[in-house]
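*Asks:* Residue numbers (the working numbering), protein chains in the order written: chain S, 5 to 614; chain D, 11 to 291.
Heads up, a few of these hints could be off.
What the hints assert, rightly or not - Looking from chain S toward chain D, a few residues come up when the C-beta cut is under 10 Å (computed): (1) Tyr220; (2) Ala270; (3) Ser271; (4) Leu487; (5) Asp502; (6) Gly510; (7) Ser512; (8) Arg515; (9) Arg604.
These aren't lab readings, by the way, just hints derived from the structure by calculation.
A virtual CB, placed ideally from N, CA and C, is assigned to each residue, including glycine.
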Amino acid sequence: MLSALTPWIDYTVNGLVIGNIYALLAVGLALIFGVADLINFAVGSVFSFGAYIGWVCAAYLKLPLPVTILVVILASALLGIVIERFGTRPLQGRSRIAALLVTIGIGLIIDQLLQIIFSPDPRALPSGLPDRRFTIAPGATIGTLDLLIAGVGSASGLALWLFLSRSRIGWAIRATAQDSEAARQVGIFTDRMNMLVFALASSLGGVGGLLIGMYYNNIDPSMSFNATLKGIVAAMVGGLGSLPGAIIGGLVLGLTESYGIGIFGASYRDLFAFVILLLVLVFRPQGMFQRAGRAPEPLTGTFIAWSRPLRLPRPVQAAILLVVLVLPLAGQPYVTQIGINALIYGLAAMSLTLVAGTVGQVSLGHAALLAIGGYASALFAANLGWPVALTIPLGGVVAAALGTVLIYPAFRMSGHYVSIASMAIAEIVALVILNWTGLTGGSMGLSGIPPLAIGPIDLSDARSTYYICLGLVIVMALLQARLLRSHLGRSLRAVRDDAIAAKSFGLSPSRYKMIAFLFGGFGAGLAGAISAHLFSYIDSNTFGLDLSILVLTIVILGGLGNIAGALLGAVLLVALPELFREVAQYRELVYGLALILLIRFRPQGLLGTA
Amino acid sequence: MTLLSVETLSRSFGGIQAVRDVSFTLAEGETVGVIGPNGAGKTTLFNLLSGHERPDSGRVAFAGREITGWAPERLIGQGLARTFQHGRVFANLSVLDNVLIGASARLRYARPNWSLLGPLGELLRALLQPPAVRAEEAALQAEAQTLLHRFGERLAPRANHPAHSLSYANRRRVEIARALAARPRLLLLDEPAAGMNESETLELQHLLLDLKTQGQTMLLIEHKLDLVMQLCDRVIVMDDGAVIAAGTAAEVRRDPAVIRAYLGDSAAAKGEFTQVPEVTL
Ligand SMILES: Nc1ncnc2c1ncn2[C@@H]1O[C@H](COP(=O)(O)OP(=O)(O)O)[C@@H](O)[C@H]1O
Ligand SMILES: [Mg+2]
């Protein structure tokens, strides 16, 4: 009887320990959201940074644990101050998505720097604590590390609570969180408050990274991603901005995951986080513990910078077309290959620029549409033996239909909630692909996908592939331009600019978002399908969050909503780095910097928003 | 013939009773003013009529149909259009496109009514552009240009400028043009003259008088009493969510309850007021 319970006690202990770490991340996010009014996507990178600083202190310099913790706190706080001062402070008064995207850029840079300095390989991070286990129930034990994490977690929580409730600065932080305009008027310096919360939040995050590293005795730079996601889920569950909510959100998430793994197995672990996140976003976007607020005023909510699109003169257009047409004839297979890449990214970027730009749904999950198109086309061709020339457009249709159904719950959301929801939906798609082994091959992926061909004619050589992609890009670009010139062009943009006014004139926002996702989903599905047949192998990581972020960066670089801009952005961010091989190594660094500098200095992109 | 009838409409936000038991009717062709101090509940009343808020209780009938709680998307199809107090133009759209959006609900061919497949049909027609869709669009474009010319030299020369580049007064004009493009049976105007100087206000007054002579039914929230006096057949006065007086402008401005609401008790003794202090939120 008791022995049946024993694993559950273990799951509970484990869930609470991990939940403690999630709570540290979530509290940091809540502090920053409350005071600086932004979602900090760099939180996971600070977490990794803390882990690596911890490794330097504990494993490399062999410093004692208390000193290590202290150094991690100080270094992470410093990093937080740098992020605030140079990353987010210049964006005050801009839309929340602007700051959110900049923190994504900062995260990319930190991650890449950690990789360059410490190599991408995992490292061991021993805690140096004596490994004693205490029996808390027959057969169930709790280790020194568990106690350390629980202790540090509660101590930080308690210290933070005392600081916020007892000190003058803490009072000022709470006042700023409640109403930053009023706080400014009574003479609270919000810049300093922002800096302080970034320092506090980052030190919590850094300590979280150190503890997790010790817990698993393993660190690597890719842990950032997971930490960011879990922190955001926990913070959203608790209600962004609520500190007690963040703690409870963290613990609830840790426990759910732990029990979920116990029941369904480890590969389902992240599914819980994202399903919970989605449910919260749909049913209680204000979190479990807060009341709904008032809708924002118009003209402040959109991320679209006011500008007019640049029009390229006819001769320039003709010259570009000529170059693009003769490029593969130049006889440089490597250049043709790069051209193919740029065209596929261009196809994906055009579809995202419609969704994120024209109708204003800044999606962080666009890669899922490519994944659906890719898997659909590959399965039709490989399992059913249908001709590739048919399965590729079919992939587009499946992506349009399925993608629109999946994103449907996000249609009632606005602003950064859409970004987070689309990211969650994309992660759920990836996890379904990973776990639906019977259909998708699961973690083994799909291999032996038939190459590009029309009937018996094989078109898989680089030159033919190039022209197929070019043809698709041109057709889709012309169609999209036609769509933008029709009444839909203005209707989609009206929904983006002011959903409430659009409703008053008969434009239901959901309907027009749906139309954008139908067309955009088709284009993205095509891009995914082409990639699948080109690579001949795909798995659940082929189309991941990094791809979504890259395509979004391309779109912002070109100018949101701008078709030519999407293509130009693809050439600049995909083709150029590959032409210069030394740069290709530091790709993430380039993307991160591009994102930060663009949003700061040229939010309308190179060719202007449309 | 009665176009709009409102019965004991109420709406509260938390502890604030923004609209309480408001009842009135509006006949076809009438122009009625709604006045009252800031926070009286005028805008909330409009939001209830246009479907942006749902009433807690009471009912609204429009052209003989019960429309209580209908969504804005549906009400515009019945012929109920509005402007917004704080200006809600589509900032990135050109002036012309803003006006064209006003006519969205009138699109017959471009927006097929196929229930679940409607969005797909709308997308396909936009891509294929069959002749009927093109003809409809061309007719609307011409109509929108004509509409812009009603505003003299204010809007027509700026037809292709993005709305965010316009002056405040011009944005108000765009809002009115956009609402007119819907060919509404009832036009709700929320402080259309706010932020306009005297000559601009006069210009607006001429435009609205024009509309009135053409038989346009209007409900007008306005702080500038001159405009209200010149334009409105009747006036409804609200304070603290409730209607405190109703009648012709001349009757209402001598009503002690109205004077008290605007100027406080001490001023009530003096008898009449002419200018409402203009305060914007
Ligand atoms: N969405 C809302 N949430 C909370 N309070 C509101 C909301 N809309 C209006 N109110 C309140 O209702 C009252 C009436 O406001 P309003 O209708 O805008 O007045 P008016 O247009 O006459 O100046 C005010 O006290 C206002 O603060
Ligand atoms: Mg008002």
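*Asks:* Against each hint, give a clear statement of whether it holds in the structure.
*Replies:* Comparing the hints with the structure gives:
Nearest Cβ of chain D to the Cβ of tyrosine 220 (chain S): about 48 Å, over the 10 Å cut. The hint is violated. At its closest, the beta carbon of alanine 270 (chain S) sits 40 Å from a beta carbon of chain D; the interface hint therefore is violated under the 10 Å criterion. A cut of 10 Å between beta carbons decides the hint on serine 271 (chain S): the least distance to chain D is about 36 Å, and the hint is violated. Interface hint status for leucine 487 (chain S): upheld, as the beta-carbon distance to the closest one in chain D is roughly 5 Å, under 10 Å.
Here the hint on aspartate 502 (chain S) is kept, as its CB sits about 5 Å from the closest CB of chain D, short of 10 Å. The beta carbon of glycine 510 (chain S) comes within 3 Å of a beta carbon in chain D, closer than 10 Å, and the hint placing it at the interface holds. Because the beta carbon of serine 512 (chain S) sits about 5 Å from the nearest beta carbon in chain D, less than 10 Å, this interface hint is met. Interface hint at arginine 515 (chain S): satisfied, since its Cβ lies 5 Å from the closest Cβ of chain D, which is below the 10 Å cut-off.
At its closest, the beta carbon of arginine 604 (chain S) sits 21 Å from a beta carbon of chain D; the interface hint therefore is violated under the 10 Å criterion.
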